[in-house]
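There are 2 protein chains.
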Amino acid sequence: MSASVEDMKKFIEPKSVALFGVSRRTGEGAFNILEQLLTQGYQGAIYPVNPNATEILGVRTFPSIRHVNHNGVDLAVINLPRNLVPGILGECAEAGIRHVVICTQGFADANDEEGRQLQKQIDGFISRGVRILGPNSLGTANPSLKFTSSFMPLVMSRIPIGVICQSGVFFGFPELRLLGKAFDIANSCDISFSDCLEYYEQDPETKVIVLHIEGMKESKRFIDTVSRVARKKPVLALKAARSHQAAVAAASHTGSLVGSDGVWDAALKQAGVVRLDGFGEVSDVANTFALMPLMKGRRVAIITGSGGFGVISVDACCRNGLEVAHLSPETYSRMQALYPPWQTVGNPLDYLPSFLVMKQPYRKVVTESLRTAMNDGQADAVLLMTGVTTIKSYHRLCEMVEEAVPGKPPKPLGCCLFGGYRVDAKQSLEAAGKAIVYDNPESAARALAYLARYSEFRRGFQDNPGIDG
Amino acid sequence: MSASVEDMKKFIEPKSVALFGVSRRTGEGAFNILEQLLTQGYQGAIYPVNPNATEILGVRTFPSIRHVNHNGVDLAVINLPRNLVPGILGECAEAGIRHVVICTQGFADANDEEGRQLQKQIDGFISRGVRILGPNSLGTANPSLKFTSSFMPLVMSRIPIGVICQSGVFFGFPELRLLGKAFDIANSCDISFSDCLEYYEQDPETKVIVLHIEGMKESKRFIDTVSRVARKKPVLALKAARSHQAAVAAASHTGSLVGSDGVWDAALKQAGVVRLDGFGEVSDVANTFALMPLMKGRRVAIITGSGGFGVISVDACCRNGLEVAHLSPETYSRMQALYPPWQTVGNPLDYLPSFLVMKQPYRKVVTESLRTAMNDGQADAVLLMTGVTTIKSYHRLCEMVEEAVPGKPPKPLGCCLFGGYRVDAKQSLEAAGKAIVYDNPESAARALAYLARYSEFRRGFQDNPGIDG
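These protein sequence lines map, in sequence, to chains A and B. Heads up: the first sequence begins at 1 in my numbering, then just goes up one per residue. Heads up: the second sequence begins at 1 in my numbering, then just goes up one per residue.
Please keep in mind that the hints were generated in silico from the structure rather than gathered at the bench. Do not take every clue at face value.
Which copy is meant is left open, so a pair is good if it fits within one copy or across any two.
[As the list claims (entries may be wrong)] Straight-line Cα separation of at most 35 Å, DSBU-like style, residue types lysine-lysine; simulated pairs:
(1) K220 / K296
(2) K207 / K359
(3) K408 / K296
(4) K233 / K392
(5) K426 / K146
(6) K359 / K15
(7) K426 / K296
(8) K146 / K232
(9) K364 / K15
(10) K359 / K217
(11) K392 / K426
(12) K359 / K146
(13) K392 / K232
(14) K232 / K15
(15) K269 / K207
(16) K359 / K9
(17) K359 / K120
(18) K9 / K364
(19) K392 / K408
(20) K217 / K392
(21) K207 / K296
(22) K220 / K392
(23) K217 / K120
I would like the entire structure built from these sequences, with the hints used as guidance.
Quick look at the structure:
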């Protein structure tokens, strides 16, 4: 049965939470949910249940949920051995708690009869109206509320990316830099992809939705829902368990049924979902969709101080279905004035001879190149390659971008940077919403190609539904 | 005419060097070759030529090469406006200097008659026995000698990777971490890929050779040479200028003639060269070949604390032609003793339930998993996924690897790590030659797949020449 948006808010915007399985141990390796909540700064009511303590980390604990003098706690989080879970579910139901995250493993993901029987007992509670997220789940994360049910330490930030995943790796992988809001539906015995999609569909804080799918049972409703949502907000999907061997592994991970990869591929494209090619792409592509505007076409202007890097970037664009822009005559004549007479001005715009041979100031040449390319109607995105080897050159880059692109960029700007201040420049430029910094030209071209294809889909889905593969 | 190894040593192991075009300006943006040489700590003789100075940075300068009281300087480096280059070449020839790097741009890479005429004059010197590296070149880099002719600041390190490239981006991109020895042949009007290959073929410091190719004129000799060298040392190639548009860009970058990409692909595979798919792969794959042993087969054991990450890794292996190993019964029974009875022990080995459910110590479970997999004859490589979110967990990882893999690893060990100490762990584990740390499972699988295919080539090239695509 589908969950309402109000149900979903109990999971991800709870005003009060009961915690089952809070350890008295704290610090690294203790996986103490209460400690995580306090560290994040959650301001809602917390009711830790532990029969062997009266307080943990300065918070009063309760011997059982019956002792909590509060009716209708929004959410319970259970992190106890599997055989205790049905009993706790019963106590929750009695106490009027209708929304429960089950962190515990060993149900549909187990290979034994006990796991199956315990899952049947959980199913019984679901049929009596209790909503379950999990089992085998880290639950939810919500940076706006400083709330998470995860027992793993998390770094959350208020970004407009909403995640729906079946693995804690999307919570615990800080390099992803995409932990805004998140649901870990894991084994997904009740709350489904579609339920979470409908929450994000109406959530004003979410601009881009990222799915990590191993498999699912409710594919008809999912395709209907995601087709509708993808027409309003970009939906990116990492569909894992592509191969037979991965499907076997998925069965013991989330107990998922995995369909044929070809069917998934066609269905996702038809629905307008951007299907990602691997885990390594998730962060860059999600940030590109979250921070950059849609593209009017596939034409890219490339600005580089290395002819060789320019050639490599052209390769990357062409292989990903992007076009190397034929820039306008005004752009070429403006740049020719800065270049040696013997240099053919083309795209890529190679600014190195301008300052090595013509002794033009680097700042002037790069700023002018960037401004001209950003304003050229023949380019739908701009790729800038340069170095940030010193703190001075890093600050200079940020200033040049600010000067050439005041306000929000009118088209996507991607940067490939080299040098020790690459990470700093990435943080600054992305925090300002000015540019996305990629590791290499291939990553840049892949992300822009996804954006270009989704942009085409958004422009034309009435006539031509689906994403061009 | 092919260059001898003795010629090549003059370029990359010079005992003395004359510098033409040394600025009195120093510091960031000055691109002062003398300053770079002094910063690196080069111990050979340096003769800067500058008619407007008597000393620069404390080094005596000479008004012309005629004033240098030393016969047969090993190498000259010219970084002057293009119209001055033939005159300086004449002075060098008179002074008995037979090896010259030309950094200057604007010859075959220019679009004008003057560029062609100047190149003809350079060609005249070549036919009289002067050897030229370039033009449009940063020259060479040699960390063993602390020598470079590059005017760009470089970070060199003594690693057994030899680069032959046509773009300074391979010199100036510190993220590549592969600047051991390097030749930038750039426009390649004389010194060629084959000349550099023959140097590396005999160089005991070089174990792996990386090529960045835009195009070349001497393809017959190149294929003969590289086919021979690839049977002794791995040769990795990034063949750029794949598309028509990239070929146009390459013509104005290095003036290269670019053949059909399909022909290149077939020829490189036939020769046993590992063809890389993009710039983003270069560093990881080169390090993998430099630090890890060859593989006996394609079977990979995966150790993970995240079931979802395990599934993603299986996908990555299968898509890259690797196999998920069927580990030995001894491995499974050894691990089952640490796992919950309800967990199916398989590959991936998922250690999370072992310490979450069975309360086994993390260090014991991971060390035991790693040792068992490294010793299992059914696995040809091992992939370990874990977190280094704290300095403690980073040190613990290094200790666990040391304990499970004393000495050099008997098979490749790849790690995908998450957390803030990823870069530190990468540096430590790679410096110790214990493991390669990759950004994500896809990068790991690609690098191991290249290694597996090259290993097959090395085992079987008598019967079955070429690399399996």
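_Violated constraints from the hint list, given by number and in increasing order_ = 2, 4, 9, 13, 18, 20, 22
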